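Chain by chain, the residues:
2 protein chains.
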Amino acid sequence: MARLDLLKFMPFRLSRLAAEVSTALSSEYIEQYGIDVPQWRVLATLGFREEPCSAQFISQCTRTHKSTISRAVTELLKNKLIERVANADDRREFRLQLTAKGTRLYEELIPRLLRREQDMLSCLSVQERKDFATTLGKIEASLDLVQTSQQAKAKAAY
Amino acid sequence: MARLDLLKFMPFRLSRLAAEVSTALSSEYIEQYGIDVPQWRVLATLGFREEPCSAQFISQCTRTHKSTISRAVTELLKNKLIERVANADDRREFRLQLTAKGTRLYEELIPRLLRREQDMLSCLSVQERKDFATTLGKIEASLDLVQTSQQAKAKAAY
DNA sequence: GCCAGATAGTTTCACATGCAACTATTTTGC
DNA sequence: GCAAAATAGTTGCATGTGAAACTATCTGGC
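In order, the protein sequence lines correspond to chains A and B. Residues in the first sequence are numbered from 18 upward in steps of one, following the working numbering. Residues in the second sequence are numbered from 18 upward in steps of one, following the working numbering.
It is worth saying that the hints were derived from the structure and are not from the lab. All of these numbers come straight from a predicted model, not from anything done at the bench. Possibly wrong hints are sitting among the right ones.
Where chains are identical, the list cannot tell them apart; a pair therefore holds if satisfied intra-copy or between any two copies.
[As the list claims (entries may be wrong)] Mimicking DSSO-like on lysine-lysine, the simulated pairs with C-alpha atoms at most 30 angstroms apart in a straight line are:
| hint | residue 1 | residue 2 |
| --- | --- | --- |
| 1 | K97 | K25 |
| 2 | K83 | K95 |
| 3 | K147 | K118 |
| 4 | K97 | K155 |
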C-alpha cells in the first residue's frame, strides 16, 4: 500500500513554510504601518521600478488577482502613500507611483525586510543559499512562474 | 537607496511557488472527489499514521487552525470518509480514523499525488532534489516548524 | 473532594480573496 | 467608420479562514 508522509511531501512543506515566512515578515509592516500583504506588493513593485506602473502590470508581475490589487491601490491612495495620474494614451489605465510619503515608508521598510530575509536564511551557508535560489528558479521556470511584463504581453498575444 | 526586487525576494518567491503548487495539486482531489485542502490534510494524516488520531493532533502536525480542521472533519464524517470513536479515557476527545471508503479513496489518491510531486520536481536532478529537501529541512528547523506530537506536548508543557 | 485553570472541539463573527458581472475605453476585423 | 471583441479597473457576491467566545471535560493545587 502506497503511503505518503505529509511532512516529507514537498507541496505541503512549501505551503507551511511560505505561510510561516509570510506571517513572520508581514508583522514587520502590518503592525507598524497598517499595511497588508497586497498593499506591500504594490509598494514593492512601485518602489523597485523606475517608472510609474499600471495596476494591471502590478497584478501580473506579483501574480496577485486584479481585484485584490484594485482594493490595495484604493487603500494606499486613501493613505496618500501612492498617487495616480491619468494616462492620456489610454484612458482606461492609470499610472501609479509612490508619493513622497510612500517613498519614505518604502525606504524605511526595505532594509528591515531584507534583514529579516537574511535572518531567516542565516541557517544556510552562502553556497547553500545560492543553490537554494537556483533550485527555486528552476522549479519556478518549469511551472512557468517567471512572469515579466514582456512575457505577460507575449502570452496575452497567444 | 536600498531597493528590493520582489521577484528575487525569498518570502515572495515561496508564497508564489506554494500557491501555484497547491493549486496544481489540489485540482487532483478537488475536482474529482470534492475534497478541499484541509480535508486532504486530515485524510493524509489519518492514512499515514497507524492509529486513530485526535483532531488536535492533526491540527498540530499539519499546522492548520483547529477550527479549520473541525470543519474539515465535519465534512468528511458527513461523506463517510472518516469515522470517530469516543475516547473513554478523555471524553472531550474523539479518535478519528479512515472508513473503508476513506481508505479506498486514500489509496487511489496517494500514487497520483506522488506522481504529481515527482512531475513538479522533474526539472531537478536527483542530487538537486536531495539538496533542496535538506535545505528546506534546515529552514524549517530554524523556524521551529518541525512539529511532532512529542514536541507539541513538550511545548505545551512550557 | 473541590475549585481554578487548562484542554478538546464547535460555533459565531469579521474579514480577506477569488470569481464574475459591470462600466468605460480601446483595438480589431471587415 | 462601425460593430464586435478585448482590455483596465471596480464592485457585488460567495466562500474559506483565523480569532475569540463558548461548552464540556479533565487536571492540579490545596
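Hints, verified against the model:
For a Cα distance limit of 30 angstroms, the shortest separation of K97 from K25 across copies, 27 angstroms, qualifies, whereas the shortest one inside one copy, 45 angstroms, does not. In the homo-oligomer, the alpha carbons of K83 and K95 lie at most 30 angstroms apart inside one protomer (18 angstroms), although the nearest pairing across protomers, at 36 angstroms, exceeds that limit. For the identical chains of this complex, K147 and K118 are neighbours neither inside a copy (35 angstroms) nor across copies (46 angstroms), given an alpha-carbon limit of 30 angstroms. Taking the closest pair of Cα atoms, K97 and K155 never come within 30 angstroms of each other, the shortest separation being 39 angstroms inside a single copy and 41 angstroms across copies.
Taken one by one, the earlier hints fail for this structure at numbers 3, 4, listed in ascending order.
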